[in-house]
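Please construct the entire structure, taking both the sequences and the accompanying hints into account.
Protein sequence lines, in the order shown, are assigned to chains H and B.
One point on numbering: in the working numbering, the residue at position 134 of the first sequence is 134, and numbering is uninterrupted.
Numbers in the working numbering are just positions in the second sequence, counted from 1, shifted up by 248.
These are calculated hints, taken from the structure and not from any lab test.
None of these values were measured; they are calculated from a predicted model.
Treat the hints with caution; some may be incorrect.
Taking CB as the label site, the calculated pair distances span [claimed, not checked]: (1) Arg148/H <-> Thr262/B: 49 to 55 Å; (2) Gly56/H <-> Glu317/B: 28 to 34 Å; (3) Ser43/H <-> Asp310/B: 30 to 36 Å; (4) Ile5/H <-> Ser295/B: 29 to 35 Å; (5) Ser73/H <-> Glu261/B: 25 to 31 Å; (6) Thr265/B <-> Asp109/H: 40 to 46 Å; (7) Glu317/B <-> Ile120/H: 19 to 25 Å; (8) Ser295/B <-> Pro52/H: 40 to 46 Å; (9) Ala195/H <-> Glu261/B: 54 to 60 Å; (10) Pro230/H <-> Asp284/B: 43 to 49 Å; (11) Thr103/H <-> Asp284/B: 55 to 61 Å; (12) Ile120/H <-> Met257/B: 33 to 39 Å.
From chain B, some residues computed to sit far from chain H (all C-beta separations above 10 Å) [as the list claims (entries may be wrong)]: (13) Leu268; (14) Gly276; (15) Asp289; (16) Leu309; (17) Pro319.
Using N, Cα and C, we set each Cβ at its ideal position, and we do this for glycine too.
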Amino acid sequence: MSDTIDQRPVAVVSGGSRGLGLALVTDFLARGYRVETFSRTESAELAALRVPADPGTLTWSAVDGTDAEAVQSFVAAAVRRHRRIDVLVNNAAVGLEGLLTLTSPATIDAALRTNLTLPILLARACLKPMLARRTGVVVNLSSINALRGQTGVAVYGAAKAALDGLTRGLAREVGPAGIRVVSVAPGYFDSDMTAGIGPEQRRRIVRRTPLGRLGAVEDVLGVVRFLTSPAASFITGQTITVDGGYTC
Amino acid sequence: MRNGSVIRMNRRETVMTALLEIVNEVAGPVDHLDEDQSLVDQLGLESLHLARLVAVLEMELDTDPFTAEVPITSVRTVGDLLRAYDPVVRAPLGDPA
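Here it is in structure tokens:
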């Protein structure tokens with residue numbers, strides 16, 4: 001192993017210790033990728049995915065996503081380790097709910113750092129090895145809140161809408177170098193972020209969803225799997241909504 | 249001192265090799281570049297080519313001088329590019345690099 005170059009592709013997933021991030025890490029590993037991920041703390045579920053005999057298969061680092069230098073060092077270490085990055089999934093995000101006038105400027109700033117500045121910095125760093133090899137895919141996890149107004153999530157929606165803007169701008173910028181940039185906008189799906197939704201609101205969402213249910217993590221995984229596969233090689237600069245028709 | 253010179257020469261060679269590779273791709277086969285040649289007007293490089301060159305060199309040399317020290321807009325010629333990656337030219341006064 002040591003004298004041959006590891007040909008397995010490399011995926012960087014931000015916030016891979018739980019929820020959708022953990023599911024993405026698991027899925028990329030199952031598809032034969034090496035995975036680099038970070039979060040503030042490691043979960044037991046993520047630790048269980050480690051391969052002791054081959055530590056390069058999954059690497060987790062303790063990184064605070066609001067620390068720009070730590071984020072850059074994380075990517076630099078990943079590039080030194082693997083000499084390539086094939087996929088970046090900007091997954092890490094924090095939920096932020098509340099009327100704008102009742103939200104403190106410090107809370108707004110912290111949310112924007114994680115939900116917008118972090119994905120921009122990660123894209124900046126990961127695009128470099130992609131440019132060097134003239135191939136790669138960036139997937140930005142957006143939200144239907146970027147597409148439709150919703151009380152209490154204006155700042156969250158603004159950050160996600162900005163992320164979609166990043167997707168479109170970068171798609172034009174790096175498309176000529178063979179790199180694709182796409183957004184995936186999930187609707188309401190069972191996750192930590194929607195755990196606070198009450199039963200009545202849940203029923204209302206289901207009623208308004210043509211496909212008659214909340215989304216599942218697998219629904220989002222399937223789209224990310226497609227978008228990072230050769231089957232999607234002519235798709236870039238688009239936001240793919242995965243919401244059972246909620247916004248149609 | 250001697251080691252410093254070797255590092256400078258190696259860096260120069262690495263920058264030239266990476267640049268030649270991209271220029272060959274853009275403008276066809278070229279075996280020599282002059283320091284006063286303009287990257288954009290004479291060699292036909294576009295900003296994305298420069299971005300790729302910087303990315304390749306960051307992987308090779310583990311440094312990106314354009315993150316802080318040098319504005320990319322100041323690089324117009326082959327010589328400007330070589331100087332941006334030269335640790336001695338780039339080092340501030342008093343720095344032994």
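To see whether the hints hold, each was checked on the structure:
1. Arg148/H <-> Thr262/B: 49 to 55 Å: For Arg148/H and Thr262/B the Cβ distance comes to about 51 Å; the hint holds.
2. Gly56/H <-> Glu317/B: 28 to 34 Å: holds (32 Å)
3. Ser43/H <-> Asp310/B: 30 to 36 Å: Holds, at about 32 Å.
4. Ile5/H <-> Ser295/B: 29 to 35 Å: Roughly 31 Å apart at Cβ, these two residues keep to the hinted range, so it holds.
5. Ser73/H <-> Glu261/B: 25 to 31 Å: Cβ of Ser73/H to Cβ of Glu261/B: about 28 Å, so the range 25 to 31 Å holds.
6. Thr265/B <-> Asp109/H: 40 to 46 Å: Check passed, 44 Å falls within 40 to 46 Å.
7. Glu317/B <-> Ile120/H: 19 to 25 Å: Holds, since Glu317/B and Ile120/H (Cβ atoms, about 22 Å apart) stay within the stated range.
8. Ser295/B <-> Pro52/H: 40 to 46 Å: holds (45 Å)
9. Ala195/H <-> Glu261/B: 54 to 60 Å: holds (57 Å)
10. Pro230/H <-> Asp284/B: 43 to 49 Å: holds (44 Å)
11. Thr103/H <-> Asp284/B: 55 to 61 Å: holds (56 Å)
12. Ile120/H <-> Met257/B: 33 to 39 Å: holds (37 Å)
13. Leu268: holds (16 Å)
14. Gly276: Holds: least Cβ distance 18 Å, greater than 10 Å.
15. Asp289: About 20 Å separates Asp289/B from the closest Cβ of chain H, which puts it past 10 Å; holds.
16. Leu309: holds (12 Å)
17. Pro319: Given a closest Cβ separation of 16 Å, the condition holds.
Violated hints are absent here; each numbered hint is respected by the structure.
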